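Trainee: Generate coordinates for the entire structure from the input sequences, incorporating the hints supplied.
Number of protein chains: 2
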Amino acid sequence: MTISMYAASVPVFTQMLDSLSEVLKKAEEHATEKNIAPEILLQARLFPDMFALIRQVQIAADFAKGVAGRLAENELPAYEDNEQTFADLQTRIAKTKAFISSLDAAKFAGSEEREIILRPGTPKEKKLNGQTYLLQYGLPQFFFHVTTTYAILRHNGVVLGKKDFMGAY
Amino acid sequence: MTISMYAASVPVFTQMLDSLSEVLKKAEEHATEKNIAPEILLQARLFPDMFALIRQVQIAADFAKGVAGRLAENELPAYEDNEQTFADLQTRIAKTKAFISSLDAAKFAGSEEREIILRPGTPKEKKLNGQTYLLQYGLPQFFFHVTTTYAILRHNGVVLGKKDFMGAY
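Protein sequences appear in the order of chains X and V.
Sequential numbering from 113 applies to the first sequence in the working numbering.
Sequential numbering from 113 applies to the second sequence in the working numbering.
Hints in this document: simulated from the structure, not taken from any laboratory.
Since we're looking at a predicted model, the values are computed, not measured.
There could be a bad hint or two in this list.
Claimed, not checked - Quick partial rundown of chain V residues pointing at chain X, CB under 8 angstroms, derived from the structure: (1) Val-124; (2) Glu-224; (3) Thr-244.
Just so it is clear, CB atoms sit at the ideal spot from N, CA and C, and this is done for glycine as well.
Mentor: As structure tokens, then:
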């Protein structure tokens, strides 16, 4: 009568990473067609003190990697945040997807009650159980950055619709 | 070793509706301080064919109401989409919160396997089980509109941070 922590994380992240990849493909095609230097879109942001597109994608990918990996008590691969092109972002998304799909679903069992410590050793340290960590921290953070990526591209005239954001469900 | 459909819906929607309410309060204060007519923010959008702020809030609230209500097999209250002011939006959020908090958690049991039909009788009709409906349709849709509301306000210079988006978790 319930759902698993695995079902509430890996398939959700995978669906949205796939749609993010498609959205970025359309953005790259748009830049090519309109003779827009790719950097214009890659460095676009909605306000001067918000992150640019590349950073939004990196952070979205990192939440997928970090949340799924921690729930499975897996070591987290380190990625360098050195992406500069659309192709680099596709690679980042692909390796993130490969990592989370490599996680053993059985390892997520019981993670809803496991203690997770955010920002350990800092003044902002916060302890959560795995359920709250996933549902009320990880998913909101992840969706924030995926949606902001979409919003940046829409604001810059890339032709996208909600269907592109949602992906296959 | 699992989580309930209730835990993956009502508390998540409630947290984000609370943060949405706070974000809109800050937006209204910003308009007052800067002598900006409230309509400028309420009608702001990121691109001409995207929804304006008011509509983003209405849709976010409707996903919270509709997804939680359908999972609980509850009748859905109809709201009119006639909001025109920040106060109206606060009322819409408050009644949405009151509705979802009135739902009986026990009624969500088994909803993960129940069939949900999206857009019934239309060419886009789609059948999902409750688990997919919540995790891979309802939550992404809800977060899309909450995040886009935040993005519109940030783009218009309202001083907000990720903490405002996240709310209390």
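Trainee: Min Cβ distance, Val-124 of chain V to chain X: is it shorter than 8 angstroms?
Mentor: Result: holds, 5 angstroms to nearest chain X Cβ.
Trainee: So, Thr-244 of chain V near chain X? Judge it on the closest CB pair being under 8 angstroms.
Mentor: Hint on Thr-244 of chain V: holds, closest Cβ of chain X at ~6 angstroms, below 8 angstroms.
Trainee: Under the criterion of a CB-CB separation shorter than 8 angstroms, is Glu-224 of chain V in contact with chain X as hinted?
Mentor: With a closest approach of 5 angstroms, the Glu-224 of chain V hint holds.
Hint check: no violations occur; every hint is consistent with the structure.
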